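Participant: So you can see what is in the structure, the chains are spelled out below.
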Amino acid sequence: MELLLIFIIGLLHAAGIYMLLRRSMFKMIIGLILLGNGVNLLIFLLGRLVKGKPPVIDEASKVFTEIYADPVPQALILTAIVIGFGLQSFAIILIKRVYKVLETDDLDDLNSTDEEI
Amino acid sequence: MIFAVISGFILAALVPLFSSFARNLIPKIYPFLPLGIFIYLGTCFSQVTQNAPMHWSYNWVPSFGVNLDFRLDGLALLFGMLITGIGTLVFFYSSYYLKEDKYLDRFYGYLSMFMAAMLGLVLSDNLISLFVFWELTSISSFFLIGYKNDDPSSRKSALMALGITGFGGLVLLAGLIWIGFVGGSYSIIELVNSSELIKSHEAYPWIIGLLFIGAFTKSAQFPFHFWLPGAMKAPTPVSTYLHSATMVKAGIYLLARFTPVLGGTDSWNWTLILVGGITMLYAAAHSLFRTDLKSILAYSTISALGILVFLLGVGTEDALLAAGIFILTHALYKATLFLITGIIDHETGTREVTSLGGLQKVMKPVALAGYLAALSSAGVPLFLGFISKEIMYESTFHFSNWAIILTASIVLTKVFLFVAGFWVGIKPFTGNLPQEHAKAKMPSPLLWIPPVFLAGLCVLFGVFPGILDAFMQTVFNSMSPEGEVIHLALWHGLNWVLVLSLLTLGLGFALYKFLKPSQSLKGKLAPFDKFAPIELMERIGITFQSFAGSWTGFFQNGYLRNYVISILIFLTVLAGYRLYDGVDIHLDWSQISDITPSEFLVVVLMVTSIFFALITKTRTGVIVALGIIGLANCLFFLYYSAPDLAMTQFSIDTLTVLLFMLVLFQLPKNRSFSTRKLRVRDGALSLMFGVLISILALEVFEAPSYTEVSEYYAENAYLLAKGKNVVNVILVDFRGIDTLVETVVLVIAAMGVFSLLKLNLNPFNKE
Amino acid sequence: MKSIIFQTASKYLLPLLLLFSVFILLRGHYLPGGGFVGGLMAAIAFILYSFAFGLKETKSIVKLNPRYLMPVGLAVSILAAVSPWLVNLPVMTGLWYDEPLKLIGMVGSSLFFDIGVYLVVIGSTLTIMFSISETI
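Protein chains in written order, with my numbering: chain A, 1 to 117; chain B, 1001 to 1767; chain C, 2001 to 2136.
Isolated chain A (complex conformation):
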């Protein structure tokens, strides 16, 4: 399973980068989201996969009695997901705004707009 996950992570990264390299702003956002998913999965994988043992201590005991999943990557990813949402929404609104003002979604047209405006 880990090997499949590694494959998916590579695929998500490749797809994200490919989309980032496009000239269309819409695709750029998609690339950003794909990349974000890939990175989250990567961090998750590096914390080792453990099945069915969430890092939650039993009701009866005060410490762990058996093996548990690594909580640190989970805490990292949890905030990363939420902040990723903030970033995505900001980026989406930004391109929406740019599109409205400049009426283009070609990144190459944004290269030297300073003088035109």
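Hints listed in this document are in silico derivations from the structure and should not be mistaken for laboratory results. Just so we're clear, the structure is a prediction, and the values are computed from it rather than from any experiment. One or more of the hints may lead you astray.
Restraint ranges, calculated between C-beta atoms of paired labels, are given here [unchecked claim]: (1) B/I1002 / C/W2085: 20 to 30 Å; (2) B/T1618 / C/W2085: 50 to 60 Å; (3) C/W2096 / A/T65: 22 to 32 Å.
Just so you know, even glycine gets a beta-carbon here, dropped at the ideal spot from N, CA and C.
We have chain A; now place chains B and C onto it with these hints.
Facilitator: Then chains B and C, alone, in the frame of chain A:
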């Protein structure tokens, strides 16, 4: 004591507050700040001169050994009294000199800040706080030198002064940290005890090298001297303050302060002798080619600083004593000369020595101050300059085999300085009063009392040098703890030193009579300008700028994909090479878990939707695909023991899709701009990157993992934080500050979205 | 989307979902859940309601502009973080009331910290979503 140091900063910070309603009061109130500190230092005088340094300590960053340790010993007291004493006079003087100035309140702010920084510098016993104050003097002097900020040349010289001294400051920081590292302490007084250890350490040459660069840049030693003449663009009171007593003496102070720690070795002595010697001769000779009063003073100041460095290099007891006295002597006469230059400039509107003369007819007290200062500078008996000169000669005269060369060079320097001093202090006042300056009149007492007062001190100390005995003894003991008892006297008996002294006076007077300052002399230097350090410096600056320009132009070309591509290629090549070169991947199959059918289904779903997202042409299609990818992610989290993540991912996924749906029709279409060739290239590049990431992930996965941190959190989640969901405990307790900052990030994103949508940013609508 | 079924469902779903989000928030220290997830749930509840009844209606039942939740939430978090100063302990030390309370469970500074996170998440998510809906 901390109050004395900090009060300057406080007053500087208060300026904007006052200036709104009490602008005119500032010049009347602020001069009492240095006066107050001066009096305060005066009350410490008797204790310090009994060889009992005073000590104050305030914790700042104790865990790094950085404290605000203030230590008032002889050397600090000498500098402190010069800083506040001359400071008081300059503060009063400026209140009249710059009376008409629009930004006088700001000026006093800068001046207070500078004074406080200087005071902190000389009082600090801690290397790090010393460095902080050192840089503060550079920064505040930048404002002072560039005070006339509408003049481009003034801005340029301020920038150059900041550049040179700031660069020196950074080098100094490296040196100071190294000293602290080798000596095992950041306290100077403790470092004195480990002096031998540092001197025998292999890093010693580096340490003193770094320290020297710091000191030489600040004290304008060759080849870093060129910022000082440029700094003359500042208003004259600033020049007075910076160049007679404070800023440039900071380097000297540093060398003197570290003499007991690092001094006494051959490399220390000879470097200082060489650099100081070159500087004093070079600058003294240069001063004779100038016609602007302030230029002459600038070069003679550099020369005097050279003498001080030279004396510290000679390093014998006589030389250190001479350095101590010369610091005082130079401060007194040089401040006087600067102040009278300011008066002349203020009253006649020119500083060209060739067009000045006969001013004694209109401003007698100023002329008197000028005469006295020039005579003290020349070292005529009955003046303080004479005493310092005697001891100087005494020290070089008895210095091993090199006595003759060293003595000859210092005599020559003194002859040149004699002339320079006379040109500034005497020439403008004697002879005929030119017609155009006939209307010059007696200045306000606020202007002429300070120089007369200082000149008076030159004479007082010169006639009764005994007053200074005890003081100089403690100053001397700060540099050389086991020093002899000092007795300063006018008459040292009939010996070679006296002969040399008379010779200096004779030669100097002859040269003064023979050589007249003129433009033609100045012109003779012009061909050599090409080789001057300032030219080199500027050329380096220009080359650097054009290099930076082309470098930036190449990489920052404004195309996002080019940035991404260059980062990608760099990363792939670097990491790929490392992987190719000696990393072998072997799989440990026992770590790999089995694939259940449901998991396999999720994987297939995910791969399909990734490809779908890549190729679909509709916006809705992409968003649906993204939603599925997010859900698949969520399922992975669920399978592998991360319920918190699954829940969060699920909610966020929902929100993202909702968000997209809301703005969908205002978003650009999902179009394709690139040609097929480009798409193939990008596809290959991203595939390469994906493979690299996979290999890296595999590599890391195979390496043993270290879980101390996780274990600590897991073990203590309930015991320390009373929580059983470790992920949540990490978020709200162990790493709570991180979470707090992350929520701030979220707030910023929300505010960004809000302002993007609600504020009118459309430039076309503004009109 | 103003179908009657959807509207009726949302009317009952809103309080339920809100209650559920509070439940998720409170149990976060012991079982999966917490401020982030709870906040997102609550935000989704409001957004659902706004889809059914429109933005105006939603705003009228909330009364409070969600923007104000962000500073309030941050303040709650920060106060919870620095509260140990009152008893001379370093920042972020967990302070706990010894006995569990009814319904809520153990009460401590971490809980208030999480409540702050909850409020910030609701505030910023709703600010983003509402300002987008308003400008369409």
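Participant: Now tell me if each hint is right for this structure.
Facilitator: Quick rundown of the hints versus the structure:
1. At roughly 25 Å, the beta-carbon separation of B/I1002 and C/W2085 lies within the given 20 to 30 Å, and the hint holds.
2. At roughly 56 Å, the beta carbons of B/T1618 and C/W2085 sit within the given window of 50 to 60 Å.
3. Between C/W2096 and A/T65 the beta carbon distance is about 23 Å. The supplied range of 22 to 32 Å therefore holds.
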